[in-house]
Structures are given as C-alpha cells and as structure tokens.
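Novice: Given chain A, put chains B and C in place with the hints provided.
Residues per chain are reported as follows:
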Amino acid sequence: MKQSSTGRRFSLWSWVWFIIGTIYFLVPLYATVRHSLRMERDVIGFKAYESAFADNNFWETFLLSNMLAAATIIASIILIVPTAYWIRLRLPQARRITEFITLLPFVIPAIILVFGLIRIYSVPIGIPFTEIKLFQPLTTTHFGTYILITAGYMVLAMPYMYRSVDTGMRTVDIRTLTEAAQSLGAGWFTIIARVILPNIRSALLSGALLTFAIVVGEVTLASFLGVDAFGPYLFLLGQHRAYEPAALSFVTFLMTWLAMGLIQLVTGGQGQAAGSH
Amino acid sequence: MTYLSLSHINKQFGEAVVVEDFNLDIEKGEFVSFLGPSGCGKTTTLRMVAGFEIPTSGRIILGGADITDKAPNQRNVGMIFQAYALFPNMTVAQNIGFGLTIRKEPEAAVKERVNEMVSLINLEKHANKYPYQLSGGQQQRVALARALANRPQVLLLDEPLSALDAKIRVSLRAEIRAIQKRLGITAIFVTHDQEEALSISDRIVVMYEGRAEQVGTPFEIYNFPKTQLVANFVGSLNNADAEVLDPANGMLSMDGVQFKTADADMASRRKGEKVRISIRPERFSFAADPLKDNVVDCTIENITFLGSVVRIQVKVGNTKFNMDTFNNPFLELPAIGAKERVMFSKEAVLVLAGQTAEELATAAYHNR
Amino acid sequence: MAQTSLPLAPVKEPSEWKNWLGVSPFFLFAIMFIALPSLYLVQGSFFNQEGQFTLQNYLDLFTNPTIVSAYKLSIQISAATAFGGGVFGFLLAYAITIGGLPRGLRSLLITFSGVASNFAGVPLAFAFIATLGRRGFVTLFLKDALSLDIYRAGFDLYTFWGLCAIYMFFQFPLMVLIMVPALDGLKREWREAAENLGASGLQYWTRIAMPILLPSILGSMILLFGNAFGAYATAYALTGGRLGIVTIQIGAQIRGDVLHNPGLGYAMAMGMVIIMAVSLAFYSWLQKISERWLR
Numbered sequence: 239m240k241q242s243s244t245g246r247r248f249s250l251w252s253w254v255w256f257i258i259g260t261i262y263f264l265v266p267l268y269a270t271v272r273h274s275l276r277m278e279r280d281v282i283g284f285k286a287y288e289s290a291f292a293d294n295n296f297w298e299t300f301l302l303s304n305m306l307a308a309a310t311i312i313a314s315i316i317l318i319v320p321t322a323y324w325i326r327l328r329l330p331q332a333r334r335i336t337e338f339i340t341l342l343p344f345v346i347p348a349i350i351l352v353f354g355l356i357r358i359y360s361v362p363i364g365i366p367f368t369e370i371k372l373f374q375p376l377t378t379t380h381f382g383t384y385i386l387i388t389a390g391y392m393v394l395a396m397p398y399m400y401r402s403v404d405t406g407m408r409t410v411d412i413r414t415l416t417e418a419a420q421s422l423g424a425g426w427f428t429i430i431a432r433v434i435l436p437n438i439r440s441a442l443l444s445g446a447l448l449t450f451a452i453v454v455g456e457v458t459l460a461s462f463l464g465v466d467a468f469g470p471y472l473f474l475l476g477q478h479r480a481y482e483p484a485a486l487s488f489v490t491f492l493m494t495w496l497a498m499g500l501i502q503l504v505t506g507g508q509g510q511a512a513g514s515h
Numbered sequence: 625m626t627y628l629s630l631s632h633i634n635k636q637f638g639e640a641v642v643v644e645d646f647n648l649d650i651e652k653g654e655f656v657s658f659l660g661p662s663g664c665g666k667t668t669t670l671r672m673v674a675g676f677e678i679p680t681s682g683r684i685i686l687g688g689a690d691i692t693d694k695a696p697n698q699r700n701v702g703m704i705f706q707a708y709a710l711f712p713n714m715t716v717a718q719n720i721g722f723g724l725t726i727r728k729e730p731e732a733a734v735k736e737r738v739n740e741m742v743s744l745i746n747l748e749k750h751a752n753k754y755p756y757q758l759s760g761g762q763q764q765r766v767a768l769a770r771a772l773a774n775r776p777q778v779l780l781l782d783e784p785l786s787a788l789d790a791k792i793r794v795s796l797r798a799e800i801r802a803i804q805k806r807l808g809i810t811a812i813f814v815t816h817d818q819e820e821a822l823s824i825s826d827r828i829v830v831m832y833e834g835r836a837e838q839v840g841t842p843f844e845i846y847n848f849p850k851t852q853l854v855a856n857f858v859g860s861l862n863n864a865d866a867e868v869l870d871p872a873n874g875m876l877s878m879d880g881v882q883f884k885t886a887d888a889d890m891a892s893r894r895k896g897e898k899v900r901i902s903i904r905p906e907r908f909s910f911a912a913d914p915l916k917d918n919v920v921d922c923t924i925e926n927i928t929f930l931g932s933v934v935r936i937q938v939k940v941g942n943t944k945f946n947m948d949t950f951n952n953p954f955l956e957l958p959a960i961g962a963k964e965r966v967m968f969s970k971e972a973v974l975v976l977a978g979q980t981a982e983e984l985a986t987a988a989y990h991n992r
Numbered sequence: 025m026a027q028t029s030l031p032l033a034p035v036k037e038p039s040e041w042k043n044w045l046g047v048s049p050f051f052l053f054a055i056m057f058i059a060l061p062s063l064y065l066v067q068g069s070f071f072n073q074e075g076q077f078t079l080q081n082y083l084d085l086f087t088n089p090t091i092v093s094a095y096k097l098s099i100q101i102s103a104a105t106a107f108g109g110g111v112f113g114f115l116l117a118y119a120i121t122i123g124g125l126p127r128g129l130r131s132l133l134i135t136f137s138g139v140a141s142n143f144a145g146v147p148l149a150f151a152f153i154a155t156l157g158r159r160g161f162v163t164l165f166l167k168d169a170l171s172l173d174i175y176r177a178g179f180d181l182y183t184f185w186g187l188c189a190i191y192m193f194f195q196f197p198l199m200v201l202i203m204v205p206a207l208d209g210l211k212r213e214w215r216e217a218a219e220n221l222g223a224s225g226l227q228y229w230t231r232i233a234m235p236i237l238l239p240s241i242l243g244s245m246i247l248l249f250g251n252a253f254g255a256y257a258t259a260y261a262l263t264g265g266r267l268g269i270v271t272i273q274i275g276a277q278i279r280g281d282v283l284h285n286p287g288l289g290y291a292m293a294m295g296m297v298i299i300m301a302v303s304l305a306f307y308s309w310l311q312k313i314s315e316r317w318l319r
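Chains as they are written, first to last, in this note's numbering: chain A, 239 to 515; chain B, 625 to 992; chain C, 25 to 319.
To be clear, the hints were calculated from the coordinates, so they are not data collected in a lab.
Owing to the predicted nature of the structure, the values given are computational and were not obtained by experimental measurement.
Beta carbons are placed, not taken as given, at the ideal position from N, Cα and C, and that holds for glycine.
Only true hints are included.
In silico PhoX-like links for lysine-lysine, alpha-carbon gap of 25 Å or less: (1) B:Lys898 - B:Lys850; (2) B:Lys753 - C:Lys312; (3) C:Lys211 - B:Lys753; (4) B:Lys898 - B:Lys944; (5) B:Lys694 - C:Lys211.
One-sided and incomplete, this derived list gives chain A residues near chain C with beta-carbon spacing under 8 Å: (6) Gly455; (7) Leu472; (8) Thr490; (9) Thr494.
Just chain A, same shape as in the assembly (with noise of 0.2 Å):
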C-alpha cells in the first residue's frame, strides 16, 4: 500500500476524541448562557445581564479584586524581576534553593495557606523571644488585610510569574545586555529599569495576566480572609439569585478567554495552566 510516512495520517479516531472533548467543553458554557438569557420568563433576553451589572456591589467587589489584581502583579514583578536577574547574573547558586521555592505553592495549596497565615498574622508580629510588637495583627484592620491578602495572591502566582520571567530573561541573554549597558555608563536601577524590563515585557505581559485570571476569580483566600472580593461575592450571589451568577458566570469565562488569548498572542503558542480552584 503506498504510503508516505512524512505525511499527517488520516485518522477517524482524531476526529472523534475531538469532538467529544469539543462537546465536553462546550455543552457547560452553552447551558450557562442558555440560562443566563431566561431571567424573564419565556423569553430570550439580557435581563439577567442588566440586573446583574445594576447591582452596586458587582462593581465594588469586581473594582477591589482587579486593585487587588494590580497590586499583586506589580509587587510580584518589584519582587521577582530584581531577583531573577540577580540570580541569572550573579548568583547562579541560589538558583536551586528559588525553584525550590517557586515550587513550595504546589505543594502547599490555598486552603493551608490561608490557614497558617491567619493563625500568624492574627496575633500581633514582634520580634520572638521578646516582648517587643512591631505591627498589631495585619487581620485586624483592612489595610493590614489587604496586605496579606495580596502577599497571599503573590505566593499563588508566583510559580508562573517566575517561570515567565525566567524564560524571558533565557531568552534575551541579559548578561551580554548588561555588560555592554555597563560599559556605557548605565547603574543597576538604569539598566533594570530600561534595559532589563523593556526586554522581556512579553514575558511580563503573559505573568501579569495569569496572574489576572487567578486573582480575579479566587475565593479561598478572600472569603477566608473576610475580603469583600469578587470570588466571594459570585458565591453569594448563586445561593440568592438563579440567573444572574449564570450571567456572571458567563462573564467571567469571556475574561478568561481574553486574558489567554492575550497571553496566546504574546508568547506566540505555548498555553499556560494556573487557576483557583
């Protein structure tokens, strides 16, 4: 039988896992819409979606998680950018010890995170063995909260934020960008600044909006935390109302979808995987 091994086979069972796995993705999200767009009874319409976005506390709770989400993502690259460099360039020994930490949040998922942070930052911080306080209990006021929420959302985001960075850095070479920067006059801040960042701002790009979609939909940490986030209030609202967390729901999956086909577009094919579960 003549057949080219260099050519793509033809093949039947192809098709059929793919359509299958088709159906499997598509059938939720079409029962989510079809629900969303049956508020009024016997009727096709966007009501669930008006009265959905007409309550105040979707956009007080969706504003706080994307300033939560901001947040997060600028002190995560204030943190690991510097950091990444730093051990590309000159530290390549503690390069084990922080994939090893960059690893730590897979083994520790967000519901014990949530738990030993709230059983530390409870009670005031000091310095051990004394009895000097430094800070009242960071879960005592808001701000305090939402620091720790945040440092929380940082530690979920950090495998792929610092995945991202270091590949980037890979594949920009920054130890020949930093010695010809050197020896043109420029200091360290100079050269992160302008000739670090600007260089792996696809990388950062991708980091910044995984860490977009994990923040935005996470509800272990805030509802833990008491944080009015966006999380805790989409489960509020699907034990009081039928068809307006459909729409959300909905909503939510067209963010998701935008943020990775961003993330698809700047990196050019390799998807990622995150999210709160």
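Specialist: Only chains B and C this time, still in chain A's reference frame:
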C-alpha cells in the same frame, strides 16, 4: 552487474519538481556519493530508495526486485540519519539489536550479532550505555552498527557527518569507508561537502536543482568536469571569458592574451564566438617547462600563505587568476607587483557548458 | 629560614555576600509568607490540647472516622480524575499533534485548554449546575429526548461522580497542555529509523514511542492528582461544604475548631501537604527523565 538501479526517477511536491529524470546504476559493493548544494534533491532521492518518499514516476530495482512501491519496513535497506535517531529509551546494545528483535530472531543469535557489531565499531565498553551518555561521533557509530546488524542490501547515509566536529568528521568518514569495504556492502552517501565525497567514494553523482549534472569517479569529476556547475562546486576554479581566434588549432584570445586549449569541441566553434574558460589554480606554474604550451606574461597582485598551499594572485591581461603552489620554505617567491611569466598546458584550459558573463548579464537584463 | 605552615585565611570576596543581599527581599518574602505559615502548622501538629509534644495527632489521622473518610474521598476523586483526565487528555493531545487534524484546530484547542484549565472555582460549579443539576440543560434534555432520568438512575451532581465530572473540565485541558510539547518532542527520525529496521507502526508505538512518553504521561497524571487533591473552591461552591473532602474539612476547621482539637486540625493539613509534596517529588523526577530523552 548492476545491483541497484534507479531509472527515470521523478519526484514532484505539488507544483515543485524536486527530482527530475534521475538515472543511476550501482554495482554491488560500490560506494556512491550524491554531492550537491542544499535543495538539489539528493536527500529526496535517497529517501525514495529508503521508501520514505514514493517517486512520482520511475522505478527502483534492488537485487533484481522492483521495490518502488514497497513499504519502508519491507525493503531491508539500512538508513543512517544526520541526527543519529538512536532510540533514547534503549541502550546501545538494545538499539543495535532492535532490527533483529523485531524479526523475532532467537535471543542467542541476537546477542551474538550485537557483540559482533559492537566490536566492529570499537564501543565494547559502552554497550550498556544510553544514547544521552555518548558523544555525537559515538552515537553515529552506534547508528551505523544498528543499520548493519540487519544485514541490509544497501546502506543509505543521509549527511551522517554534518552534525559532528571537523576532526571527528575526518576520522569517522574513513572508518565508515573501511567498514563498508570490509563488508563489501553497497552504499549511497549524501553530502554537501566535496572533500568528503572526493575522499571516500568510488563514484560521485553531482546534483543540482533536481538533476544529475555529472556521474564519474572523483578523479574524473575533479579533472574533467562537464559543466560549469560541477567544476565550480568541486574544488576551486578560475573562470574568465574568452573569444575563439582559431577553432582548428584551439586558439583563444582573452584581453589580447593568446593561449591554446585542448578542448575537443573547439573544432565545431566559429571564429569570434564567446566562450567561458576555466583553469584549476594548481595547473599554473612559474617553472620553465618545454611541455607547457601556454606561456603568458602576468603581474603579481597578491600572495596569501595558507599553510601547505601558497595562493598567488596573478593578473593576466585584465583578468585575475589564483595560482596555487605547494609551500616550500626555501623557495623565494616573487614580489608583489613583479612581472613574471606563468605557464599552463592546453589541457588545463577547460571550456565548459555554462554561461559567459555577457550571457548572464543579458539574461538578467531580460528578467528584470 | 623558617617557613610558615599556617594555612592562609580564605579571602572573603566582598561582593559575595552583597550578591546574597540582592536576593534577600525574595527570601524574606518567602520566609514571611510561605515558611512561617507552614512552620506554624507543622509545629502545631505536634502538640496536643495540653500543650505537650506528641505524635498522637498523626496517629489519630488514621482513626478519626471523619478524617479517614475525607482522605479516602479526596484520594478517590483525585485518582479518578487524574486517570480519566490523563487518558482523555492524552488522546486529545495525540489527535492534534500526530493524529492528523488540521493545524488550525491545534491552536484552537491549546487556547481553549488554557482557558478551561483556569476556569475552575465558583463559575465552573455554576456552569455544571446549569448543565447537570436537577433542572440542568443536559438533565432535562435526556429526560425529554431519551426518557432517561439520570437522577432516578442514581446520578447526583452533588456527590462523587458529579464532582469528578466537574473536575474533568480542568483536568484534561491541563493534560493536553503538558502532553502536546511532549508529543512534539517525538522525533520523526525515530519512527523512520524503526520502520527502516523492519518495525511496523504498532511495534514502533509499543517499543519506542510509548516507553519514551511514559515518564511524561505518568508525571502529568501525578500532577493532575495533586491538582485535584488541593482543589477547594469548586467543591465548596457546589456543595456548600457538605461534601466531605479533605480541603473542605480543613476549611471547616479554620472557621471553627470542629474537631475540638487544633493539633489534629494541623495534622490533617500536614497530611495533605505530605501527599502533595510526594506527588510533586515524583512529578519532578519523572520530568527529569523525560527531558533527557525528549530534548
């Protein structure tokens, strides 16, 4: 006695013709190289013999049997890939024994054959290692042993040395040739490196844009190239345009300088016809030799010391020629700018099919 | 002339410790927000209610019925979705790489896999309630079109099988994302060399391709296991805490000491961390092997 015959092989990918009317008869035990630049169709032709591509038309006959349409796993030809293609999940011994294991040979026979092959390539100490533990050269030797273990009818080598360091390339190609000779196995070797082809082949097929330009022994290909393409690809060459002065005597004129050629087709040319001539750099000399027919004046333009060869650039008329002489530390070389006389025989002047500079320029003008 | 035989004191490079200074913010962060919380839990698990050091908490993990059934359920769900998601994800990844589907479908599936693996949590639970809940789209469709009442037949979205179905939604995309690069890593030459040596397609797959892919496949399934084991929000949004998996039990323990023994609660959390750590270790080890072969 022809052992492997490729007749009127054509291969098209859609509109593109990749191999055009390729014909070749190979004797048993012969080592033939396909030589040419990238994209000339040499690898495609090899893959058609292996069965990974099917010819659009033409037939391939091996040992009397027509294998043109046979599946690749039924042909019993051994293939060596540029990227080694060793199975990473198997040891050296398991890789080598793979073909025999597939054919369900008894374990003892497999073991014996594997040991035989492992000592053939001198890797006894590494038989239980995995590919990632071996160097590139070692991996390629294992690939060779793996192909030979199956006792193939033909050995097909697809640029096997291109991925290796220069030194290893030289020693491994000699090793491959030695093994091939010892086993008496027919082999086709694809390469773009003319030194490789010249040094180890019985015959060379020079290919260009899907066609076989010339088939011959290394000596023939180098010294008697039939076309410009072949001459330019194999070894270096001085090219110039000249005008026919006297067809009967093979007299040419270039920039007013006259010299003779021994080219057989001269007699059929007209006076005044423009031809393209080529002379190998090592055919020039300064020595006074009554046998040399052509003695012309020149000026020394440049001298480059290349180690064992000294390349002297001379200007004859308005044309610069490269002249190669062997390095001799005690021989005084002429000074730059000096006027000298160079000599070359009329057999050294090749008149090859190919375009003169004028013709090339005209063609470019019309194609713009 | 007396020769000094004292060894010279090692010259301390001044920049050496300065380099460590550069990464200190990161380590400080890690200590404050990863190490300390974890250590608190570790430490807490070794103390009983009277404040004495004990290992009893860990022993009680195996005797306390709530905890035992929670671990059992979590392990069952994680194993089921890891295996199911792994197999199906692999088949899907195969379909879009070697399986011959058009290129456009490949990037579509990869994007969608990225979306789906991130779409977990509350919205996913709602989506499945709308699909397979008592009045869900598929439930009603099956009842009307095929006269099949799945709830009468014993299915319940709010139990084991329902949660499995939901988890699959983010498990098999994750598998796809990991396996596609691995399948791409199967060099074409291996197949050709195998054919050249006389192997059939099936022999190539059983002797070469599958063994090469196995570390990747196993490692990914283990990753999927850990992924499911640590999931909280989806299950909580679905059942409001009624489904007794480990994460939900821990959640209950955080809100109020339902076990009446804080140390036991910490031990339960540590048990989970140990399971996740072992999974991660196996995954890393298998990754290393597959990288060596698929480079």
